[in-house]
Amino acid sequence: MRRWRSFALFTVLAFGYAFLYVPILSLIVYSFNESRLVTVWAGFSTKWYGVLLENDQILSAAWLSLKIAVMNACGAVVLGALAGLVLARFGRFRGRTAFTTLITAPLVMPEVIIGLSLLMLFVALQNLIGWPETRGMTTITIAHLTFSTAYVTVVIQSRLSQMDVSIEEAALDLGAKPAKVFFVITVPVIAPALVAGWLLAFTLSLDDLVIASFVSGPGASTLPMVVYSSVRLGVSPQINALATIIVCIVTVAILIAGFIMHRQEKQRLDA
Amino acid sequence: MPVAQGARALQKLETWQDPKARPIVQIENVTKAFGSHYAVDDVSLEIFQGEFFSLLGASGCGKTTLLRMLAGLEAPDSGRIIIDGADMTHVPPYRRPVNMMFQSYALFPHMSVEQNIAFGLKQEGATQAQIRERVAEMLHLVRLEPYAKRRPHQLSGGQRQRVALARSLAKHPRLLLLDEPLGALDKKLREHTQFELVNIQEQLGTTFIMVTHDQEEAMTMSTRIAVMDEGRILQTGSPATIYEYPATRYVADFIGSVNLFDGRVTGEADGVLLIHCDEVGSTMAIAHGEPLPVGTPVSVALRPEKMMVTDVKPESEFNVLRGVVSEIAYLGDVSIYYVALPNKTLVHVQLTNLARNTNAPMTWEQDVWLTWEPENGVVLQS
Chain A
1 MRRWRSFALF
11 TVLAFGYAFL
21 YVPILSLIVY
31 SFNESRLVTV
41 WAGFSTKWYG
51 VLLENDQILS
61 AAWLSLKIAV
71 MNACGAVVLG
81 ALAGLVLARF
91 GRFRGRTAFT
101 TLITAPLVMP
111 EVIIGLSLLM
121 LFVALQNLIG
131 WPETRGMTTI
141 TIAHLTFSTA
151 YVTVVIQSRL
161 SQMDVSIEEA
171 ALDLGAKPAK
181 VFFVITVPVI
191 APALVAGWLL
201 AFTLSLDDLV
211 IASFVSGPGA
221 STLPMVVYSS
231 VRLGVSPQIN
241 ALATIIVCIV
251 TVAILIAGFI
261 MHRQEKQRLD
271 A
Chain B
1 MPVAQGARAL
11 QKLETWQDPK
21 ARPIVQIENV
31 TKAFGSHYAV
41 DDVSLEIFQG
51 EFFSLLGASG
61 CGKTTLLRML
71 AGLEAPDSGR
81 IIIDGADMTH
91 VPPYRRPVNM
101 MFQSYALFPH
111 MSVEQNIAFG
121 LKQEGATQAQ
131 IRERVAEMLH
141 LVRLEPYAKR
151 RPHQLSGGQR
161 QRVALARSLA
171 KHPRLLLLDE
181 PLGALDKKLR
191 EHTQFELVNI
201 QEQLGTTFIM
211 VTHDQEEAMT
221 MSTRIAVMDE
231 GRILQTGSPA
241 TIYEYPATRY
251 VADFIGSVNL
261 FDGRVTGEAD
271 GVLLIHCDEV
281 GSTMAIAHGE
291 PLPVGTPVSV
301 ALRPEKMMVT
311 DVKPESEFNV
321 LRGVVSEIAY
331 LGDVSIYYVA
341 LPNKTLVHVQ
351 LTNLARNTNA
361 PMTWEQDVWL
371 TWEPENGVVL
381 QS
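Top line first, the protein sequences correspond to chains A and B.
Each residue of the first sequence is one higher than the one before, counting from 1 in the numbering used here.
Each residue of the second sequence is one higher than the one before, counting from 1 in the numbering used here.
Worth flagging that the hints you see were computed from the coordinates, not collected in a lab.
The beta-carbon is built from N, C-alpha and C at its ideal position, and this holds for glycine as well.
Treat the hints with care, as some may be off.
[Said to hold, decoys possible] Straight-line distance between alpha carbons at most 16 Å, and here's what the computed EDC-like set of lysine to aspartate or glutamate pairs gives:
1) Lys187/B to Asp214/B
2) Lys180/A to Glu124/B
3) Lys313/B to Asp367/B
4) Lys188/B to Glu216/B
5) Lys20/B to Asp41/B
6) Lys177/A to Glu124/B
[What the hints assert, rightly or not] Listed below are several chain A residues computed to face chain B (Cβ distance under 8 Å; list not exhaustive):
7) Ser166
8) Glu169
9) Val189
10) Pro192
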């Protein structure tokens, strides 16, 4: 009876993992396929990685995505830290509820609507004041900022409300002015949340297809857009190779973030 | 109730009784409300140089709010706070000659012990050499030299408490505020640290204001205590005054244990009031400074150790209560007898066990009489 139960539990677990990771595993395996047909195995080869590295379209799209993701992450951390600080430290001010709702609304807003509304905004702005002249990197970055700031705010606000306020008060009491307290005490203490927020915003931006498709213009295609359009013309093993590289990078990033957060948690419990 | 007060009082001039002394802290009619709740309600207080002053009260009585207003972390709604002759009511915390030791210690988790202690000095713009010297001095004071490079999370509770103390003393504050400084320590360490804190205070001569809910702690450490309840100060005085001459029923009950009897004044002779207590059917003669009109409702407070228990009916017509021993708690040094009066009121009486192995003079269910001297009771009007 007991053996049967543990067997059943193990099966459920195996199915769960399989459901989550077999697609990714098969993708990685086929990136080393000799054949140009994705579904037919014809022996081990790394030639698609070589082909990928000579594909200027994909490389420039990857470079564009990376630039946008970094700018977006930095901007979102600054804006998110400010918004989180206001929500966690300024008590019950007038319009707090409205502020909270408006800041976090992009979390639940459908991407299609965000993308469409931003596109209309940019077009209207261009007609009115002549800016932005073309849609591309700038508009995509702005669009990504609007929704990733919401995520970063939530992360930073929750860390700030867990933080012992008397640490900041002690710094004030010892003669540091409020701005100095923020940079010398608050920022180092919430640094893990800032890093986590940065990584989150970075991934969200790197990942986004829908909003970027709306607000980008000719000649500015992000990596997800290039992948999506090339898949419509038939999947090339190049894409598998690209996906494998991305999976590796993301895995490493997650491991680092997890390690930092674990260490911080341990310090917090010890303190 | 340990009252380690006598020696200290002899050594020191009782500054609060010196008419020429200028208070270092003057709190004038300070009020602070959170919403409709008055945390601090029209409090006035003067504290003098070199005092170890305690604000004592149950949680939520406003003592911490008052302390935070002295630090500048809360602003009073009305009233003034004067520190060292200067009006500090609306001065921000980083410009006050005051430092605070927080209940959670509030050590900076990303800095070493050394850096924590040096933080305040750096804000003052002290030179590297001055900072090094002062940090070494403070580490020596709290005996933490070997731990200078450690981070707070690598220290024990007692060590963290000492870092917090060193950090708050590093800037030579005119006034040190301590919010439940021993609250997070276990009992044994707490008793040891009490004396250590008092010694450091005497060594430095800094004025300390401590917030605590622990009456024993306040009695042991303070020169004076202010007992607070519902945002008001009920009584201010030395530990002995507060214990022996409580001003209100709340103070009498909060400090130590006490038996309270309600009654009415029926007469007065030679500074002794006659009070009849209907519920226990007894007339009590209690010494009281000022005469009160006949019929005034009062309470009589009797400390358990200030009563005698006998198994022989006393001669006296006043200050006698008859009862039956209902419980005996043997605590080694003392025994506490719970005596049930005819109206079921339980009176507790404490007797010191002077000789070893003597058979207890009283046993359960025995008829006994309680007596006391007029000087041993206190008449309370509120």
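Okay, the hints, checked on the actual structure:
no., hint, in the structure
1, Lys187/B to Asp214/B, "holds (12 Å)"
2, Lys180/A to Glu124/B, "holds (13 Å)"
3, Lys313/B to Asp367/B, "holds (10 Å)"
4, Lys188/B to Glu216/B, "holds (14 Å)"
5, Lys20/B to Asp41/B, "violated (29 Å)"
6, Lys177/A to Glu124/B, "holds (11 Å)"
7, Ser166, "holds (4 Å)"
8, Glu169, "holds (5 Å)"
9, Val189, "holds (6 Å)"
10, Pro192, "violated (11 Å)"
In terms of the numbered hints stated before, the structure departs from hints 5 and 10, listed from lowest to highest.
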